[in-house]
Structures are given as structure tokens and as C-alpha cells.
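J.: Okay, here's what each chain looks like letter by letter:
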Amino acid sequence: MATLEIKDLHVEIDGKEILKGVNLTINTNEVHAIMGPNGTGKSTLASAIMGHPKYEVTQGEVLLDGENVLEMEVDERAKAGLFLAMQYPSEISGVTNADFLRSAINARREEGDEISLMKFIRELDKTMDFLEMPEEMGQRYLNEGFSGGEKKRNEILQLMMIKPTFAILDEIDSGLDIDALKIVSKGINEMRGEGFGCLMITHYQRLLNYITPDHVHVMMQGRVVKSGGSELAQRLEAEGYEWIKKELGIEDETVGQEA
Amino acid sequence: MTVETKLALSAQEVRSFSQNNNEPAAFADFRVAALEKAAELALPKPDKTNITKWNFTEFPVHTVESAKFASLEELPEEVKAIIDIEGQENLYIQRNNTPAFIKVSEELTSKGVIFTDIETAIRDHAELVEKYFMTTAVKVDEHKLAAYHAALVNGGVFVYVPRNVIIDEPLQVVFLNDNEEASLFNHVLVVAEESSAVTYVETYVSTVEEAKGQANIIAEVIVKDNAQVTFGAVDVLAKGYTTYVNRRAHLTRDAKIDWALGLMNDSDTIAENITHLVGDGSAADTKTVVVGRGTQKQNFTTEVRHWGKNSDGQILTHGVMKEAAQSIFNGIGKIEHGATKANAEQESRVLMLSEKARGDANPILLIDEDDVTAGHAASVGRVDPTQLYYLMSRGISKAEAERLVIHGFLAPVVTNLPIEGVKKQLTEVIERKVR
Ligand SMILES: Nc1ncnc2c1ncn2[C@@H]1O[C@H](COP(=O)(O)OP(=O)(O)OP(=O)(O)O)[C@@H](O)[C@H]1O
Ligand SMILES: [Mg+2]
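Residue numbers (our numbering), protein chains in the order written: chain C, 1 to 259; chain P, 1 to 435.
In case anyone wonders, no lab produced these hints; they're calculated from the structure.
The beta carbon of each residue, even a glycine, is placed where N, CA and C say it ideally should be.
Just so you know, not all the hints are guaranteed correct.
One side of the interface only, derived from the structure: several residues of chain P facing chain C at Cβ under 8 Å [unchecked claim]: (1) E36; (2) R382; (3) T386; (4) Y389; (5) I396; (6) H407.
Estimated spans, in silico, between C-beta atoms of each pair [stated by the list, open to error]: (7) P/D370 <-> C/H203: 45 to 55 Å; (8) P/D384 <-> C/E237: 29 to 39 Å; (9) P/N20 <-> C/R140: 34 to 44 Å; (10) C/I115 <-> P/A399: 19 to 29 Å; (11) C/R140 <-> P/I364: 50 to 60 Å; (12) P/R435 <-> C/D125: 27 to 37 Å; (13) P/K48 <-> C/D125: 48 to 58 Å; (14) P/W54 <-> C/K119: 51 to 61 Å; (15) P/G375 <-> C/E110: 44 to 54 Å; (16) C/E237 <-> P/D370: 52 to 62 Å; (17) P/N50 <-> C/P53: 51 to 61 Å; (18) C/E144 <-> P/E86: 46 to 56 Å.
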């Protein structure tokens, strides 16, 4: 079993404190969902864990099996087992999806032990088939001109090819039509198991109908303010966030506000 | 005021060079007249680069003798790498100033296609040469460098494609420079008659560390009604040259040209690529990529000039600047009065890899007609940190991520080169230069 521990994480952007002490522990074989209104720090948490250069960690730790990932470069974090499906994936012109994926896979392997082209193509074909992606998507430039839904599906393709230990999925469901949502969910469920833990950021119960989370957390004001089981998500879906705000005495849930 | 420039060769020397090559008397006269003009005419004025102090005229010797290649096995590795030795049917290799190898398929010859070195063309196809050589696309008296070129031409190729002849396989030309004294006054003349089609790919390879001569290169492409030309070029000339390279096309009705230019010289370079869309419905697609490094100074002008109605011009220029290299990228879309429904688009982007590098994208639209469409996008910047973050978040190292982004940025030309070996060579040159 592997563990990802987030302890008292404080994060600033351009001198403004966004995360104000996030605590969260995720084990493999668990799926966690983070919900919360807009602007409450969900993407910031994801970016800080992955090491986005704009986000400065001012306090706290992120430990992967006891090792502090905050001291690692972004690529080292990825090689240690972290993966982030981004809310807004970058477009990279001139680099084909397939070439990029092969570089990503080979980056994890020793020099001289690169994946053979045949084996790579076989796996790529199989996975694209599973995600119902047309074959030509492999030869298109990375995310360039992809529709919102195609980009999300492409993030899941990367997830399945790279097979990380922990994946953070930032709004993997937004902008997906129902068929695409089913396919993306199928991909994530396929990954579920002993060697895989997942943190899904979402606004919608709809995703959670396809991927039942083991734990649900609510973020407000740059903190996790409430945690529970999958029933918590159902209550949020039915009643919204007002009851939590009332319960905790929060007036403005965004990060600019102090509790 | 005109300033008389002292030129490296006298009229007498030019005339005897012509005679030694058994050129027609008319061509000798043409050279001598051009030499006189060269003494008086002013240098070209590339926008935003002052070249008045550049040395475009002196060189150690006008022409060097090099051994020919009896077979392709004798080629240096650098040249072998870009040729499909068995598969390439039509191939011309020039070694410095010497036509060193030529191969033309039976099929092309039987269809009346001419593919030969320029000296042979001047002798054996005098009528065609006289008709097109610096008469239509480039004029002898445009400026000093054009006239100097005309006087001193000492290499190049002539391609003539008769009416309705479609050539499927690309014609490949390699200009090998392995003598540091060599000066290259190469003239490439491509004439595609009505409804013909041809793909031409040339590569300049220097294997010398540092050159001492001049590279004054002109390519003229005449594309007649409804004909199509694809023109690929990869230039990798050594530092030490003062390089002036002018590639120009002249298109009549419904003609089309695609340019794919990988300009990778290590020399100071003035490069000019102009397409005249004279005929209605003619179209040009110009793609240029550049890498500058060291203390190189370069100026790249890409222009599409619209005279024809419904003419379409697309310009894409991507440049990478590292170390203390300096470059100006002039992109010019010019629509003349009467060219209704013309469309002029351009995109010019520069990536800077170091603090000291300088790159200037200078997009210009000159429009003298109301009923047209035009647009341009320009940017100068560094490798996008968000892109690097994205790639690194998949485990790719920073160095490899930068490499991928840069190669991607220069891919528009690489992917458009129609010969596999040349494609690979350009990728390798990029690899070497940006490292
Ligand atoms: N570069 C920045 N400079 C200043 N503030 C920023 C910057 N980037 C994000 N923020 C702020 O940080 C706060 C948290 O943003 P974050 O993207 O983490 O929210 P989120 O919970 O993911 O919201 P959403 O549900 O809309 O995706 C917001 O108030 C946002 O405006
Ligand atoms: Mg977000």
C-alpha cells in the first residue's frame, strides 16, 4: 500500500494566500472526491501537489510514502508516482500525441531499456480503442485544436498509459457529454485497485454516479471544511452548500475570506 | 551619389571565365554588363538591418576545382545521410563549384524534362536560359548583389518541366561545400510550364569549420498557368560566409507554389523569399524556420505580393534565437490595386532561448485594394512555462520538455519536406543547434 499525505498545506500565488492549511490522506485502493464552490482552492491544491511553478508553498508538507515531494522537481514528482489530469491541459504544437506519450513512458525507464516501438503502439492502440478514440488522434499534435471533451479523454489516455500510483483529476467531467462521461469513468474505474489511489475534483454528483468515491471532502476558504462518505456528495447534490456554511458559520466561502 | 565599389574580378577575368566554360558570347556580354552595373548599384536595403558595412564582394578565389564523384559510394557521410542512395532517381550533386554527380531517369528525359547543372544549361539550352535567366522573377539591375551574382554565377541547376508533365518523385539537389576557399554564386532556375507539377528539394551542406568566401545565391521559380511547384530547401552553410540568398517565384493564373525552407546557416545571412502572385487564382504557401546561434546576425524577409484576383498568400515564419544571435523577421503581405478578393495571411513567431538573443518579428500589411481579406499574428517570447510544466508533469525532464517544444515549434517545415533523408537531416541540425 502507498500513501499520499497532505499536512497543513499553505500556498500563495503572487503573494496572496490561497490554501490555508489543507490536511488530507489518501491511500492506494481509495477514491476520494473533493467538492466545493468556485474559487475555494481546489485547483490550487492540485497544482501545488504537482509543483506548478506559479504556486509557492509557504508551510506544510506533501509526503508520498513518507518522502517529501515538495522538494522534488515536477518531473521527479511524476516519476515518483503522481499524476495530475489538468482542468485546462496545455496545447503543444508540432509534438504528436504518440511521440509525447512515448517520451513520457521512456522517461520512467532506464536508458537502454526504452519501450519497443511495437509494444508501445500495441498498448496505445488498445488503450485508445478502450477509450473510443479515433486512431488519428495519436498522430495529431498534443491537444492542439482538441475539443474540451477530447482533451479530457486525452488526459485519461495518458493516465492509463502512464499508470501512476496516485492520480489527481481536476474536473475531468466538465464539458463532457453523457457518452464521453461514461467512457472517461470506465477508464478511471479500470485503473482502480490495489496499486492506485485517486483524488477527483468535481462539482457534480453525476460523475460520482459512475465512480463511487470512498471519501468525499468539501473545500471552502482554502481548507477542507468537511469530510464524509459518498452520502455527503448526495446531500450536496440535493441541498447545495448553504447548510455547510450555516453549520460552520461561513458567510463567504471563497479563499479571500477568513473563517 | 553612387559609390564605385572595387570588385574582386575585372571585366576581362569575367569574360575569360565565360569563355573557358564555352558559354555563348551573348552570355559573356550579359555577365560583363552585369559586372558594370554591380560596381554602381546600391546594396539591397533589408528592413531594420543595416548591411552597408558587410563585406559582400571579396573572396579568395572565384572558382575552385573539386573532384567529381564517380559513384555515390564516394560521398561523404554528411551527404549520404540525406540521400536515398538506391531510391533517389533524379539527383544532382555539386561539390563547391564543380558539377560532381548527376542522375536523371529515362522517364523524365523522354518526357522532355531538363534537369542539369547551370553551366550545361547555359551552353545547351541557351534559348530557354536567355528567356528566363534574371528576366522575370529577379532582375539583374535590382541592386548590387543581384548584378554581382549575374556577373559571377559559377554553379546551380536548371529544371524545365514541359506542359502537362507531372513529376511524381522529387528532384533532389545537394550543394556540398567542403573547400573553405569556395564561393557559391549558385543560380537555380526552375521553369514549370502550364499544368505541370514538380517537387524540388535542395540542401546546402558545409563540412568545413569556417568558410572564407561569399555565398550569393539566387533561385528563380517560374510557375506558369495551373502549374504546381513544391520547393524545399535546407541551408546549413558554415560560419565565415557572408550569405545573401534570394528565392523568388513568379506565378501566373491558377499556379501554386509551396515553399518549405529550413534556414540553418551558421553564417551572417540576408535571406529573401518573395512570391509574386501575378495571375488570378494563384496561391503561395510559404513556411520558413530558422535557428540562430552564436553572434550571428541575420535578416529574413518573406513577402507575398498579390496582383491577381482571388490570389491567396500564406506566410508562416518560426525562429529560435539562442546565445547572442540577432535576427529580424520581416513578413510582408502586399496587395496591389485591382487584386480583389485576395487573401493575405501571416504568422510570425520568435522563441528566445537566452537573455542576450534578439529576435524581432516585423509583420507588414500593405493593402491598396478594398475588397480583400488579410490578417497577421506575431509574437516574440520564451518557451511557455505552462507548457513545460504540463510536459514535466508526465515525467519528462525539463531539458527534454524544452527540446520537444522547440522541435514542435519548428515542425511546420520539417513535416513539409518531401524527402525523408532531408527531413531527418533538418531534425538533426535543429537538435545540434538548439542543444
Ligand atoms: N494567478 C493568480 N493570482 C491571484 N489569484 C489567483 C491566481 N490564480 C488563482 N487565484 C485565485 O485563487 C483562488 C482559488 O482558485 P482555484 O483555481 O484553486 O479555485 P477552484 O476551487 O479550483 O475553483 P473552480 O471550481 O472555479 O475551478 C481563486 O480566488 C482565484 O481567483
Ligand atoms: Mg478549479
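J.: State the violated hints by number, sorted upward, taking the hints as numbered earlier in the document.
T.: 1, 2, 9, 11, 17, 18
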